[in-house]
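J.: Going down the list, the protein sequences come from chains A and B.
Quick note: the first sequence uses my numbering, first residue 5, plus one each step.
Quick note: the second sequence uses my numbering, first residue 5, plus one each step.
Simulated from the structure, these hints should not be mistaken for laboratory data.
Treat the hints loosely; a few may be bogus.
Far from chain B, by Cβ distances over 12 Å, these chain A residues were calculated [said to hold, decoys possible]: (1) Met5; (2) His7; (3) Gly39; (4) Thr67; (5) Leu100; (6) Thr121; (7) Ala214; (8) Glu245; (9) Gly307; (10) Asp324; (11) Pro385.
Where chain A lies over chain B, by a calculated footprint (3+ residues, C-beta under 8 Å) [what the hints assert, rightly or not]: (12) 209 to 217; (13) 259 to 269; (14) 334 to 346; (15) 440 to 448.
This structure is a prediction, so every number in the text was calculated from the model and none was measured.
Each residue gets a CB set at the ideal place from its N, CA and C atoms; glycine is no exception.
2 protein chains.
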Amino acid sequence: MKHVAFRGRLVMLGFGSIGQGVLPLILRHIDIDPGQITILSGDARGQDVAAEYGVSFAILPLTRANLRDVLVPRLGPGDFLVNLSVDVSSVALIALCREIGALYLDTCIEPWPGGYTDPSLTPSQRSNYALRDSALALAQGAGPTAVLTHGANPGLVSHFVKQALLNIARDTGVDTAVPTNREGWAALARDLGVKAIHIAERDTQTANVAKQPGEFVNTWSIDGFVGEGCQPAELGWGTHEKALPADGRRHDFGCDAAIYLMRPGASTRVRTWTPLAGPIHGFLITHNESVSIADYYTVRQDGAVTYRPTVHYAYHPCDDAVLSVHELAGRNWDMQPQQRLMMQEIVSGIDELGVLLLGHSKGAYWYGSRLSIEQARGLVPHNNATSLQVTAAVLGGMVWAIENPRAGVVEADQLDHARVLAVAEPYLGDMAGAYSDWTPLEGRGRLFPEEVDMDDPWQFQNVRVV
Amino acid sequence: MKHVAFRGRLVMLGFGSIGQGVLPLILRHIDIDPGQITILSGDARGQDVAAEYGVSFAILPLTRANLRDVLVPRLGPGDFLVNLSVDVSSVALIALCREIGALYLDTCIEPWPGGYTDPSLTPSQRSNYALRDSALALAQGAGPTAVLTHGANPGLVSHFVKQALLNIARDTGVDTAVPTNREGWAALARDLGVKAIHIAERDTQTANVAKQPGEFVNTWSIDGFVGEGCQPAELGWGTHEKALPADGRRHDFGCDAAIYLMRPGASTRVRTWTPLAGPIHGFLITHNESVSIADYYTVRQDGAVTYRPTVHYAYHPCDDAVLSVHELAGRNWDMQPQQRLMMQEIVSGIDELGVLLLGHSKGAYWYGSRLSIEQARGLVPHNNATSLQVTAAVLGGMVWAIENPRAGVVEADQLDHARVLAVAEPYLGDMAGAYSDWTPLEGRGRLFPEEVDMDDPWQFQNVRVV
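Kindly generate the complete structure, drawing on both the sequences and the hints.
T.: Laid out in structure tokens, this is it:
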């Protein structure tokens, strides 16, 4: 079924696991001819997949120097740049698309190479908060639609949050219409008593080959994961929080919706919960949604912030990636010489990706997607469970952008969540919602005294693993 | 080749991976008839292995109540109790053996069930320091030999330390005879400038089946590992250390050679180094050798301690065990419902187990055993690389005890290291020594400021991962 027709040129930048996974979805659900599509990639990965679909493929790494020369001839007004690359500045691409009048979508606000780990930058400057701030600075005035960070997360999870809020309202007898603007959604979250939101993910995909010493293994982009894992841990900072962590810092610019910790997210663990996994430790990896959701659900009265939830990622990647992070930390973040993106060798597992809304009258509510490797393979070629959750969201964002071509620079939270979910959900496996009486105080202090706040389970202090 | 003859009765208590692995070694290297041996086990594991060797096997879980009734008829003067069980008090067994006049050896000072995690005990009371103290309290006066904690580690590594000291002396031009007593060995360590000793182990054994969610997988006793992992982290506390860690505590009894941290060792990571793995993070799991080696190498002058090295375990278990610990921590130390001791399913890997002596004039020196799964299987049936390092040491300790039957209660450090190593080394694969310029300051503070002591790399503060 075609959701929408697109008559312009589509340039896909980057053709790793997400590019390869989304191409069949684009051709299946957008009325477009393969001849309209050009893939530009920094390397040869996926060249065979492009050929399989009759799509032109060029190896052409983008740099500051050649960006305009490469893209200006390939993009005009009404064309579409889908950026699924790493190491190309999203802000530079968005600026160019606005100048040209082309649509734009990415899954991450990328810096130029080394931007995540440039020791000449402060942790604040290397944060997603700063990257988001620089992208939103382009949002002034009308312009072609540029959808920021619209993969699974960031992206899809913003729509999960809205659906979860509506579900909690329904299940707790709170009478509400579907809010129609930011203020309405923020008021609903506040009225429901949501204190914290985790992006709570447990990826159980395993392969039939073991990770080797000196090898980083993951179910999606290793460069992408290591890049964000070496950025400072970041979280939207809720109004219920009693004290900034000792290593927590506020930024001296921007919306002030989030803080960062003076350490990499890949070495920072938090307690979370998913319906299938139960209580787990996840990594507090920085993500755009930690800032954007916290910002979106901020309530102000007379200019003063009166409500905001704490928002952060709590990511349990696939087991081989947990081991890879452990090894990488032991190497003081010096990348392993070998990398392997797990795909054909996966033999079982589910990516359980959802949002965990905490502090409302029913305690904890997880809402999200459970997609198994078998389901993913049955649905779309060239995907695993992790990539399909991303590529379905990319498709949803593209459809929305084509339908709303003059929305300017927007984040997932500003999109029509129902429309995007309608496009994506056929590819998300089982959508599940589950309440729980879990709190991060469960089982604490049994063997050793721990510093916990017994008065408010939802303090970040209780969630953090020290 | 038979190292020694034994004419008494041998009771083997416990028949898990170590019991099953050591039985063929005993029959190969001690002149003993299978009819002299009785296995008492709490469960049926290994019954087939006992039958294979014609050794009697009884399922008879030992408790406080039946200990005397079971053992008194089975042990007389000159007989030998080899304790390879869990959940039977080593101190109770040693006391009984001394009363009877029987030899004794174990690989761990075990408490009665629940002793490692009894919340009514203080962390100090649940420590290996306390268990060791209670065992050494039996050491007063002559008596039959009781060899405490003589597996790979604790046990074998104490002999590695002595050999490593002699090697460093040789390689740094320090002229020394082989010391003949504790004071001599301690003076040698001091004179060489050894500030810290890690038991630095990297187990790379992997299997052809992946760990499942809710499953604890390890290459040796899961009960044993989880028990010690939930005890407080403990370390021998060197005289060069400038400050007690904020969560560090001294005991108010005993030799004062070690401290403990107010947290489980399985959640406490330290930086270490092995020749094959390079820089890694290991777990600061408490072990008897952390206390015994620190105590043994203490130099006193006029009653005051003038030298002691910091000593601790830095354990990187097999990858599936790293994942199991991560999952267990997420469950707040509530044991996974499934356990699997990896044996036949291992397809590759090496247990690289050694001692890392730090602070001498050549910096760092690792000395130890590299034993691959293939080597282990080729050498002795019913072993993997990890178990064979233990069982070879048990054999060495048994031979020494039979040769020295009236030594009383002794620790590995008090044994003749050359004799034990001569017995064990044919089963340790490649014995390797390697110098390195590694320090725990390597690669630090690159992305984020870290609190390190640049003046003395060997401060525990630098080693600990926070």
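J.: A separate judgement is required for each hint: does it hold in the structure or not?
T.: Results for each hint:
1. No Cβ of chain B comes within 12 Å of the Cβ of Met5/A; the nearest lies about 36 Å off, and the non-interface call holds.
2. The beta carbon of His7/A is kept farther than 12 Å from every beta carbon of chain B, the shortest such distance being approximately 36 Å.
3. With a least beta-carbon separation of about 43 Å from chain B, Gly39/A lies farther than 12 Å from that chain, consistent with its non-interface assignment.
4. For Thr67/A, the requirement that its beta carbon stay farther than 12 Å from each beta carbon of chain B is met, with the minimum near 24 Å.
5. Even its closest Cβ contact with chain B, about 30 Å, leaves Leu100/A beyond 12 Å, as expected for a residue assigned away from the interface.
6. At roughly 6 Å, the least C-beta separation between Thr121/A and chain B is not larger than 12 Å, which violates its mark as non-interface.
7. Non-interface call for Ala214/A relative to chain B: violated, since the shortest CB-CB distance, roughly 4 Å, does not exceed 12 Å.
8. No beta-carbon of chain B is positioned within 12 Å of the beta-carbon of Glu245/A; the least distance is around 22 Å.
9. Residue-level check passed: Gly307/A sits 34 Å from the nearest beta carbon of chain B, beyond 12 Å.
10. Residue placement check: Asp324/A does not keep its beta carbon more than 12 Å from all beta carbons of chain B (closest about 8 Å).
11. Here Pro385/A stays apart from chain B, with its beta-carbon at least about 24 Å from theirs, past the 12 Å limit.
12. Three residues within the 8 Å Cβ limit are the bar, and the segment 209 to 217 of chain B against chain A gives 6, so the coverage statement holds.
13. With 3 residues carrying a beta carbon less than 8 Å from a beta carbon of chain A, the segment 259 to 269 of chain B meets the three-residue requirement, and the given coverage holds.
14. Counting residues of the segment 334 to 346 of chain B whose beta-carbon sits less than 8 Å from any beta-carbon of chain A gives 5, enough to reach three: the coverage restraint holds.
15. Only residues whose C-beta sits within less than 8 Å of a C-beta in chain A count toward coverage, and the segment 440 to 448 of chain B has 3 of them, enough to reach three; the restraint holds.
Hints 6, 7 and 10, counting from the list given before, are not met by this structure.
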